[in-house]
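Letter by letter, the chains look like this.
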Amino acid sequence: MIAALILALVAISAIGLATPRQADVWLGPRVSDRQRHRLRMGGFIVLLVSMAAALDTPDVGRAIVTWIGAIGLSAFLIALLLVRRSPRR
Amino acid sequence: MAPVKPGFRTSMIWLHDWSGLVIGWLLFAIALAGTLSVFREEIGDWMRPEASCCVTDSAESGATAVRWLSSHAAGAPAWYIQPADARGTTSYAVWSSAKGGFVQKWLDARSGSPDGIRDTLGGDFFYRLHFELQLPYPWGRILSGSAAMVMLLAILTGIVAHRRFFVDFFTFRPGKGQRSWLDAHNLLGVTALPFHLMITFTGALTLANLLMPWGAISIYRGDVVAMRQALYPAQIDRLVTGRPAPLAPIEPMLREAERRFHGGLSQIAVLNPGDASAVVTVTRAEDATIGIQQSILTFDGPSGRLIAAYEERRPAARTFNVMYALHTARFAELLARWFYFVSGLGLVAVIGTGLLLWTAKRRERRQGLGFALVERLNVGFIGGTVIAFATFFLANRLLPLRLADRGDWEVRSLFWVWGLLLLYAVLRKPAKAWSEIMALAAVVCLAIPIADWSTGAARLHAITLSLELVAILLAAGFGYAATRARPFEKRRA
Numbered sequence: 008m009i010a011a012l013i014l015a016l017v018a019i020s021a022i023g024l025a026t027p028r029q030a031d032v033w034l035g036p037r038v039s040d041r042q043r044h045r046l047r048m049g050g051f052i053v054l055l056v057s058m059a060a061a062l063d064t065p066d067v068g069r070a071i072v073t074w075i076g077a078i079g080l081s082a083f084l085i086a087l088l089l090v091r092r093s094p095r096r
Numbered sequence: 043m044a045p046v047k048p049g050f051r052t053s054m055i056w057l058h059d060w061s062g063l064v065i066g067w068l069l070f071a072i073a074l075a076g077t078l079s080v081f082r083e084e085i086g087d088w089m090r091p092e093a094s095c096c097v098t099d100s101a102e103s104g105a106t107a108v109r110w111l112s113s114h115a116a117g118a119p120a121w122y123i124q125p126a127d128a129r130g131t132t133s134y135a136v137w138s139s140a141k142g143g144f145v146q147k148w149l150d151a152r153s154g155s156p157d158g159i160r161d162t163l164g165g166d167f168f169y170r171l172h173f174e175l176q177l178p179y180p181w182g183r184i185l186s187g188s189a190a191m192v193m194l195l196a197i198l199t200g201i202v203a204h205r206r207f208f209v210d211f212f213t214f215r216p217g218k219g220q221r222s223w224l225d226a227h228n229l230l231g232v233t234a235l236p237f238h239l240m241i242t243f244t245g246a247l248t249l250a251n252l253l254m255p256w257g258a259i260s261i262y263r264g265d266v267v268a269m270r271q272a273l274y275p276a277q278i279d280r281l282v283t284g285r286p287a288p289l290a291p292i293e294p295m296l297r298e299a300e301r302r303f304h305g306g307l308s309q310i311a312v313l314n315p316g317d318a319s320a321v322v323t324v325t326r327a328e329d330a331t332i333g334i335q336q337s338i339l340t341f342d343g344p345s346g347r348l349i350a351a352y353e354e355r356r357p358a359a360r361t362f363n364v365m366y367a368l369h370t371a372r373f374a375e376l377l378a379r380w381f382y383f384v385s386g387l388g389l390v391a392v393i394g395t396g397l398l399l400w401t402a403k404r405r406e407r408r409q410g411l412g413f414a415l416v417e418r419l420n421v422g423f424i425g426g427t428v429i430a431f432a433t434f435f436l437a438n439r440l441l442p443l444r445l446a447d448r449g450d451w452e453v454r455s456l457f458w459v460w461g462l463l464l465l466y467a468v469l470r471k472p473a474k475a476w477s478e479i480m481a482l483a484a485v486v487c488l489a490i491p492i493a494d495w496s497t498g499a500a501r502l503h504a505i506t507l508s509l510e511l512v513a514i515l516l517a518a519g520f521g522y523a524a525t526r527a528r529p530f531e532k533r534r535a
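Just so you know, the protein sequences line up as chains A and B, in that order. In terms of our numbering, the first sequence is numbered consecutively and its last residue is 96. In terms of our numbering, the second sequence is numbered consecutively and its last residue is 535.
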């Protein structure tokens, strides 16, 4: 489960950085829409891998609840980490 | 010219704002009490430091509880016991008293006796408050169920109202006044949205029979006995014969139940104890699977012979059990319980920031009596609820151990503090009351670990350390809020 949680954190970070506002602030204005799209897709693929890792257990019900809780809190944590730097304009 | 009709989204925003305000203060307390209930057993353990630590065998603790009840509540028509297990260090027992009403005691897992354990409701107080609101049956349940339904409405309308749901998913812009509060409200609401929807829907569903009783009324035509029989078919009722007969040794029955359940026990009910018609009903522990697989064994009391075994297999009942289990989180292991706890705090914060936004949005437009009342009650309810709940923990350590009705005094201290803080918030200028109440919240939270260690009640245990770490973190957060957060101050451009 720990590996799944770390993967979820990585995936949510990629998805968060791929949003227009965060990409502009953290990756610079030269990042193209295509690159953001790739980053987002990569994030979702890692998220799927994370889910597969979490569900690799006989007790699937518990794993689903724990995994959904983990991605929600990861998203909150990532959003807080992404406000550390004010926009470069 | 005909007036312009408001659009769908505008209507949803209106509904979101007003439904949130009408029920927000109540929901704030319900959500905070529910969040604390996730660690109901652990809070109970912290509040009863005299109880023997770490008995993990629910059959053993159940047997000692039954033995104590045999000599101290022999005349009661029934005993209901939730035996101590790996999470809860005391067994909970409740029975009818001869004077009418119910008696409840928390019994030591080893001795089976309540002697020497401080009188407190522990974490069960927050659990009961969460859906009974200290009101007589059924009013508290109806009110909290209605609040859950309005909350569901507020969440759904909030999703529609949030115009930039995906674009602003990871956005929080601090130091920008109302914009920051809206960002915080949206961020907390959106990131844990599956949790918020699940906990609200399952909460309303748990009390659905009270909110929408018409189905049961039309089927059973007011026959409560028939309805109970259909809901709980494993329940075996026997009429009292009047012929005394001692209860057979309880431990073999409980061991047999453990063997058949492949796990622990969640409840032991003894009907007609001391009579020839005595029945012992044992229910399987609820932490085995996510969908509580209700398994019940019934024994003949005087002989100890197994007379019935029931396993709930009806799809509707099992679906309900899954929903109920998702809400109560009794299936959850430690990590998942922490996720429930933190997500629950997030829900509390969503409600709190929503209440603050209601006044922030209307500050420039009008400042009538209604606005002033909401502004002041926001301070009293948001800050007051937190301080009152923290007072409950503090009272547990500071009230004299031999005080009569000590458990009731703990509850009274909570409501007294709550009432006084509401009064204070109504009378005090909001900008000042806000920072003062936050500072007081920090002091009270910090006082919890200090009182624990200075009164000699503290035990070097994971539960103690976790509870006190949470109290210290909250104290730091409130201390920071006292110096920074002034949501009621007028901001000038």
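Honestly, I wouldn't trust all of these hints.
Unchecked claim - If you want a taste of the chain A side facing chain B, the calculated C-beta under 10 Å gives, among others:
id: 1; residue: ALA10
id: 2; residue: LEU16
id: 3; residue: GLN29
id: 4; residue: GLY35
id: 5; residue: VAL38
id: 6; residue: SER39
id: 7; residue: GLN42
id: 8; residue: THR73
id: 9; residue: ALA77
What the hints contain is simulated information worked out from the structure, not anything from laboratory work. Even glycine gets a Cβ: it sits at the ideal position worked out from N, Cα and C.
Numbers of the earlier hints that this structure fails to satisfy, in rising order
1, 2, 4, 5, 6 and 7
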